[in-house]
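K.L.:
Quick mapping for you: the protein sequence lines, in order, are chains U and X.
All the letters of the first sequence, read from the start, carry residue numbers 1 to 553 under the numbering used here.
All the letters of the second sequence, read from the start, carry residue numbers 1 to 553 under the numbering used here.
The hints are simulated quantities; they were obtained by calculation from the structure and are not laboratory data.
Please read all numbers here as calculations on a predicted model, not as lab measurements.
Each hint should be verified, as a subset may be incorrect.
Put simply, identical chains are the same to the list, so a pair is met inside one copy or across any two.
Keeping only pairs whose Cα atoms sit at most 25 Å apart, straight-line, the calculated BS3-like set for lysine-lysine is [to be verified]:
| id | residue 1 | residue 2 |
| --- | --- | --- |
| 1 | K320 | K529 |
| 2 | K376 | K58 |
| 3 | K532 | K320 |
| 4 | K505 | K529 |
| 5 | K231 | K176 |
| 6 | K255 | K3 |
| 7 | K57 | K36 |
Protein chains: 2
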Amino acid sequence: MAKVIIIGGVAGGASCAARLRRQREDLEITLIDRGKYVSFANCGLPYYVGEVITEEKKLLVATPELFERRFNIRVKVETEVLAVDRARKVVRLKDLPSGRESEEPYDTLVLAPGAGPVRPPLPGLDLPGVFALRTIPDSRQIRGWIQEHHTTSAVVIGGGFIGLEMAENLAHRGLKVTIVEMLSQVMPPLDPEMAEPLHERLRARGVDLRLGDGLAGLEPDPAGGLRVKTKSGAQFSAGLALLAIGVRPETKLAKEAGLTLGPLGGIQVDAEMRTSDPAIFAVGDAVEVLTYPSHRRALLPLAGPANRQGRVAADVIAGKPRPFRGVQGTAVCGVFGLTAALTGETEKSLKAADRSDYAKVYLHPGHHVAYYPDAKPIYLKLLFERPSGKVLGLQAVGEEGVEKRVDVAAMAIQMGGTVFDLEESELCYAPQFGAAKDPLNVAGMIAANVLRGDLQLADWADLEKEGDKLILDVRDPAEYASGHVPGAVNIPLNELRARSGELPKDKEIWAYCRVGQRSYYANRLLLQKGFKARNLPGGYLTYLSLNPENSRG
Amino acid sequence: MAKVIIIGGVAGGASCAARLRRQREDLEITLIDRGKYVSFANCGLPYYVGEVITEEKKLLVATPELFERRFNIRVKVETEVLAVDRARKVVRLKDLPSGRESEEPYDTLVLAPGAGPVRPPLPGLDLPGVFALRTIPDSRQIRGWIQEHHTTSAVVIGGGFIGLEMAENLAHRGLKVTIVEMLSQVMPPLDPEMAEPLHERLRARGVDLRLGDGLAGLEPDPAGGLRVKTKSGAQFSAGLALLAIGVRPETKLAKEAGLTLGPLGGIQVDAEMRTSDPAIFAVGDAVEVLTYPSHRRALLPLAGPANRQGRVAADVIAGKPRPFRGVQGTAVCGVFGLTAALTGETEKSLKAADRSDYAKVYLHPGHHVAYYPDAKPIYLKLLFERPSGKVLGLQAVGEEGVEKRVDVAAMAIQMGGTVFDLEESELCYAPQFGAAKDPLNVAGMIAANVLRGDLQLADWADLEKEGDKLILDVRDPAEYASGHVPGAVNIPLNELRARSGELPKDKEIWAYCRVGQRSYYANRLLLQKGFKARNLPGGYLTYLSLNPENSRG
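Given only the sequences and the hints, what does the whole structure look like? Please build it.
P.N.:
So, in structure tokens, the structure goes:
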């Protein structure tokens, strides 16, 4: 009986094992994990720390016993794989409780080792009270620490997904939380202005958010707990520290076995998840993927793609090959009642890829019609290709209906859809769910207007640039008075038709309003009257998110 | 200056007027409505009756003054169009308050008269206390009636979208509600088994739901209010009656003007929303549309398509022609905490179109991972084309995350996507938002398994049919004991590998579990062991929704 060994029993490895059994009863399948558990819910760990998830056993999606009884899969937990001998096709194992070593032969090997937390070489990271969060025991230790030490404060190093989720969950338990983030924004995959609502919310909920500052080191605090020192020279105390700087692929085993790594340091695989050794597959956070649809190399540790990679590898091993499509980078994070989500390209990623064949629109629609109670605004940024109109990416931040719009855009991107498809998409509408023109329709309509030449956009980034232009604020005088772009002239939209004679014909007129709708009407009016008109997208709200210092003043 | 007259100032008409002004400053645009209001939120009316929306003025999306000041559009409210003289290109108008008649010339005419409530020729429909709901005054009258008469009960005739929303809102105001629906299900666009959770919920919330019974007539009740008589002979009292049997296109004007009507009785238009007279366009609920993507004629009164049709007509009139794509029939209804939504084809619509080249899967996943608190099941039914895998339609019912999945499927259908695209779609995942395998991924995976031959489906409809088969229940004995399909044999999944010898090789084995997952594992195991195995899709939950009498027992 052919033998398949799968190393790593969480998302990718567990999916691969179960799928492979469904395809092939005639294989001997062994699932090996260094930890005590397989198939546990690692995305749930922050919520277990926060006591939103109260029972540890809920995190066990499947137990070793279930794998053995239901799927006839041998499971070896607390077993470390010391080496892969590719010539002899054996793995060298160490049973961790007993220390006993053994060998296990394979015909096919699947590596699903995941990614481990980045630990920078800084003083104090081994002190008691310093944690990372990767496993159930990690989360149990943090819970235990808080309980035992009556911890009242924490520092989270890193403002990515896990850092934000942990900040929320520690605050949920009553701890005073400080986030130290080297970059000038949290949730680094987002474009900076799209992270701005998150910064506001974190601060509003009492988080001490220190952007643009890195950890310098930790020391024991004579008063108990830890003394935190940052690169900027700041010092403060914290009852515990959580390292959430990021993760890097676990490639030690692959590297020592002589498998090819990619340029970003992940295990290199082909579209069928095969490594440079045809008998060895690799799936999950440890592999380098190609982005979809733009086929750039990336490290994107996401549970969904890991699961689907596991299934692809299983099908290929079972003799039913099909390719993995790649990773779009769809991701979501909930923090203090706000949801931030994205799919596809960001302006950051497009610039990094040296692309300039794109345009962007900002909008801030309600998540449902305004006339139904409790409509919450969604900050949306849509990126699309010029001149094709292909949807490149969507970012969204708000309280409600955020992930829905990103999911629909994710499907549009998966299908190669354009902004014209968003414009015409037929989505659910009743007053409590959306609008006859859903936010995504509106995003598509604005973008389609741009491509059809019905709307001329300016770029907020060019506001300070030289050039003879007039900034026109078409909001009502009261709105203008409560804050406006420096130097802007105010003519309310409803008076514009009558007062257009006040405007110069030789200068560009850059119009804005609160969210971009009235300025679009103004733009249409002015263009038709022969003015050189442009629209500043997303209105004053976008201006504020691009210039957060003005919104705090 | 060329003159454009638009008749009907709500969704399609108002959108057309505003878009047309944005395209063309050089047209004289006149918007005419019989009522006192233009651009009001008719989808919000049930919620205004229910006092969820408290202020009437919130329903006014735009006022005549706004149209005039902002868009330079003449608005004539309380103005009836008596006739269209196509030869002379004039409309004959009647100012309703004064009764004065006049004529208004046009170069281009747009008809957006909407659809009106069906009023069957039954006795008593003109009695005081009998209402339909189409306008703000209608909703105001119902509110006034309830207040004045201290109404404590209501009968809603018709269980479609408006009937359900009104039932919820009247109950929300404390009225005891009876629904009389001629069909054996509410929300007629759904397949019957998908409406079953709605029936349960309505009954659980105290609604007296009378399915398969029609209104025979109404009489004044000597004790006050109305006496309701149904076709089955039942009689009961109600403080008010709401007619929500359905709507039919307002075509009187079009018909009298000699415009071509379609076979279903709506105004016939081409892809550019042009009627049989090239100077006259028609948009919204009054027109017959083609379904997308299957191009069948239909009457689908939906606000989203009406808006987009208005925009298309405006662009065509403005000299920038583009076609309207058609209507998918995406719709959603919220009732007593349940959301029911659908897009594309249903099994009903496929059967009506004599199509048999499709397959279906049922599933009942949680709206997010089970380990995070408060996961709510979604009843899903996915229809797809054989052998292409093209997504034909999705129906979903549940408490949370329902419209999101339907919106993503709507986009997939818009793009011609397949179940393989659902399988590989990369959607937002964090524990509170979804799952690493989102319900849509799982639906796609099951359907893809069917198309790849990895899963053999049986049809619940064939359960009673002749044929040598064994029904196998692979749930645990306790689940089996609490209710099972008559005649089913119980072997729990975890024992199946060891006990497969107990099963016959010459009979088909139709397996089911609670929701379809364990029976899928069973199906794979049995197929590989050489049994003639099939899977009953959606498990015992689907069996109960197909056989509701058993779940009530």
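K.L.:
List in ascending order the numbers of the hints, as given earlier, that are violated by the structure.
P.N.:
Structure breaks no hint.
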